[in-house]
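Given chain V, put chain G in place with the hints provided.
There are 2 protein chains.
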Amino acid sequence: MATLKFSSLAGRLRRSEIRELLKVTLHPDTISFAGGLPDPAIFPYQAVEAASQRVIKEQGRRALQYSPTEGEPFLREQLSAFMQRQGDIAKPEDIIVVSSSQQALDLLGKIFIDPGDPVIVERPTYLGTIQAFRAFGADFCGVEMDDDGIIPEELEKTIVRLQRQGRKPKFIYLIPDFQNPAGVTLSMERRKRVLEIASRYDLLIAEDSPYRELRFRGEMLPSLYAMDTEGRVLLMKTLSKMFCPGFRLGWMTGPAEVLDKIVMAKQMTDLCTSAYTSILTGFLIQDGHIERQIEISKNLYIRKAEVMLNALEKYMPAIEGLSWSKPDGGMFLWVRLPEYMDTAEMITEAVKLKVVYVVGTGFFADGSGHNAMRLNYSYPTEEKIVEGVQRLAQVIKSRVRDTSKKTTIQR
Amino acid sequence: MATLKFSSLAGRLRRSEIRELLKVTLHPDTISFAGGLPDPAIFPYQAVEAASQRVIKEQGRRALQYSPTEGEPFLREQLSAFMQRQGDIAKPEDIIVVSSSQQALDLLGKIFIDPGDPVIVERPTYLGTIQAFRAFGADFCGVEMDDDGIIPEELEKTIVRLQRQGRKPKFIYLIPDFQNPAGVTLSMERRKRVLEIASRYDLLIAEDSPYRELRFRGEMLPSLYAMDTEGRVLLMKTLSKMFCPGFRLGWMTGPAEVLDKIVMAKQMTDLCTSAYTSILTGFLIQDGHIERQIEISKNLYIRKAEVMLNALEKYMPAIEGLSWSKPDGGMFLWVRLPEYMDTAEMITEAVKLKVVYVVGTGFFADGSGHNAMRLNYSYPTEEKIVEGVQRLAQVIKSRVRDTSKKTTIQR
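Residue numbers (the working numbering), protein chains in the order written: chain V, 326 to 736; chain G, 326 to 736.
Treat the hints as calculated values from the structure; they're not laboratory data.
As the structure is a computational prediction, the values presented were derived from the model and not from experiment.
One or more of the hints may lead you astray.
You can't tell identical chains apart in this list, so a pair holds if it fits in one copy or across any two.
[Unchecked claim] Here are the simulated lysine-lysine pairs, DSS-like style, with alpha carbons at most 25 Å apart:
| hint | residue 1 | residue 2 |
| --- | --- | --- |
| 1 | LYS493 | LYS330 |
| 2 | LYS330 | LYS482 |
| 3 | LYS623 | LYS679 |
One chain only, chain V, in its complex shape (with noise of 0.2 Å):
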C-alpha cells in the first residue's frame, strides 16, 4: 500500500451525519426521521414505466450517447415550460442541466470559492451546502433568522463587517421557501429587502429552491430570481423532492456570466448528465407528470406533517426551551430542545431505541446546535411517525433536568 498524501480538500471532508445514520436506517424496524426521501408510496411508477418505453423507441440515437454539456435539448426545452407555469421565465438556452442540486452546489464551489472566501448562508443552512463549500475552504458567514426568513438587518451588518475587514462575499446563498432545515419561508417583504441589499453592495445571490413547489397552504410567492431586475439570481433547482431522486436530475439557471463557467467546470466535473435519465424525464414533464407528483406529494406530506405535529403535541414533554417549526410546506420540522440537551449525545439512545434523527450540529459551520434536530416527515409512514416520536419523546424525557429541587427551595 502506498504511503498517501492526500489534498487540503480532502483533509477537509467530513463524514456525513446523515449518511451514516442512513446506513443505520437499513435496520427494517429503525424509523427514520433523518434523510430527505420522498416516500416511496407515491412514485409515479406507472408515469415511469410508460415513458421509459418511449425513450428507445422514439429517442434511442441520443438517449444512448453523451449529451451536450449543457444538457439534452429536449429536457432544456420543456424544463423551461415547466418553469415558466411556475411563474420563472428562462429561455431553454439558458438552462443548464445538471445532476442532482449538489453538483449545483460543488460547481458553485468550484468557480467561486477559494480558501478563506467569505459564503453568506443563512443559519442554520443545508448539510449538503456545508460540505460542499467548506471542502473548498469557504469562510461562512451565518445570518440569523426569524419566522419569516433571514433577518435583512443582520444580513447587511454581515457584509458590512465584512467590509470593513476589505472583504467581499462571493455570494449569498439562500433557502428561501421552506428552508432546509429551519422550515421558514422568506416572507414577500423581505425578499425585496434581500434583492435591494444585493443590489446595493453589488452582491450575486445563488436560490437554492428544492422544496418551493411543495407548498401547503397560503400563495406560492415569487422566486428571488423572477423578482430580480438585475441578472443578479442564479437560480437552483431539482426534481428529487418534487419528482424523484432516482434520475439525479437538476438544474440552474441565471446570470449569463456564471453559467458561461458552471458549464466549463460541468465539463471538467463529469463531462454531461445522462442522455437516457434525460429523455425520459423530458416526457414526463412534457405529459405534465411533474404538476400531477407535486399536487399528490403536496396531499400526502401536508397530512403526515399534521401527523408528526399531532404526536408531538402529545407526547413530548412540556418543558421550557422545547419547541418546533410548524411548517407550510417542504419535508422537514426544526426541534429546538434546552440548551442544556444534546442531540449528539442522544443519538446513541435513539439508536437503541430504534429512531433516528439529523444532529443540529450538521447545519452550522460554526458547530453550534447541540441541542437541535431535524425530523422528516415525508418519508415513513403515518404509523412510524407516530411511534418514532413516542421513541424521541422517551430519550428526550430521560434528558429532563429535575427543575423542582430549586423550585421547592424557593416555597
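Chain G in isolation, oriented as in the chain V frame:
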C-alpha cells in the same frame, strides 16, 4: 448584474477543443473524427428497452429513490462479477460506482491535488484528464512513450528528478491499454517494470482503463490492478466505451484508504449516482449484454480502423514526418505531421472542408503537440471515414512545403 470574482480554480478552466468541435459537428454534413463517441448504429437498443421494462416492475422503489453514495448494491454485485470475468478481482463492497470516468478524474483531483502538486502522466495524455487535474492546479510531469507505452527509464528519471527537488508525485496516471490519444498499449514487460518502480518509490498508480475490452487482435494483457500485489493501484472503469455513454456510469476500486476518501468526496459532489440507470445497467450486465456489446463493438471498430488506415495510406501525401499509429484496439488514431505544420492553424480550413479532428495540443499539458491530431474512427460510417480522410489529406497537402528546391540545388 453583480460584479463577479471567480475562484483560482475557475481561472484554470479551459474551454474544451472537443466540445467546441462537437458544436460544429451538429451540421449534418460535417464529418467528425473528433469526440470519442461509440457508433450509435450498434447501440444495444433492444436490450436496453427490454431491461427498462423490468426496472419499475422489479426494483421500482429502489430505482426512483436515492442510492447509497458508494453505489446501488445490485449494480456493485454485477460489476464485481463482470470484473471477475475480465480477470480483475474486487468484492462488491470494494467497488465505488461513479457517474462516468470523468467524475472519477474529478474525485481523484479533489482528494489528491493541491496547486503545484506533481502528477505523473503519459505524454500525450487524455484531454479530459488534463482539464480535470489542471483545474486543481496539478503540475503535470509528462513521461515519454514509445510503441510499448510509457518508457520505464524515463518514468524513473522523472521520479528521481522530483525527488532531488524534495517532491513526490501524488500518483502515476496511466492509460495502459490503447492509450488515448497515442493508441499504444503498455507491454507485459513494461507493466512489471512500472509496478516495480511504483513499489521502489512508494507511489500510487491511477489506472484509467476505458478501452481495455476493445482489443482487436492479440491477447488481452492483465490490468496493472490485477498484477499489483501491494495494493497500490486504483482502477478506473467506465461503461461509456464498451457499452454506451448515455447512462453516465463508471466505477473505481483499489486501496481502501483511497476509496474511503473518494466516497466522502463523491458525497459532496453529487450525493450518489442514479439508482435508475444503475439498476437498468445491473440487469444488462446480469444478462450478458455487456460482453455481447463488446464483441459487436470490436467487430465493427476493427473494420473501421482498417478502413481509416487504408484511406490514410491511399490519400495522405508521402512526405517525411507524416505518420500515424496502427491501433490494436480502442477508438483512436494518433497522427503526427511534419514539425512545420500546425493542426490548430489547419482546423479552420478543415472545418471549411467539413471535416474535424482534435488538435494535438489538447493532449499535452505543456502546450506542445502542435503538429499532431487525434482521429476517431468509431463514430463515423465507413463511407464517411474514406471521404473525411480525403478532405483531411487535401488540407494537409495544401500545407506541404516544397522541399524540392533544396533537392534541386543539391543536384
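Cross-check of the supplied hints:
no.: 1; hint: LYS493 x LYS330; result: between (33 Å within a copy, 10 Å between copies)
no.: 2; hint: LYS330 x LYS482; result: between (41 Å within a copy, 21 Å between copies)
no.: 3; hint: LYS623 x LYS679; result: neither (28 Å within a copy, 53 Å between copies)
Hint compliance for this structure: hint 3 alone is broken.
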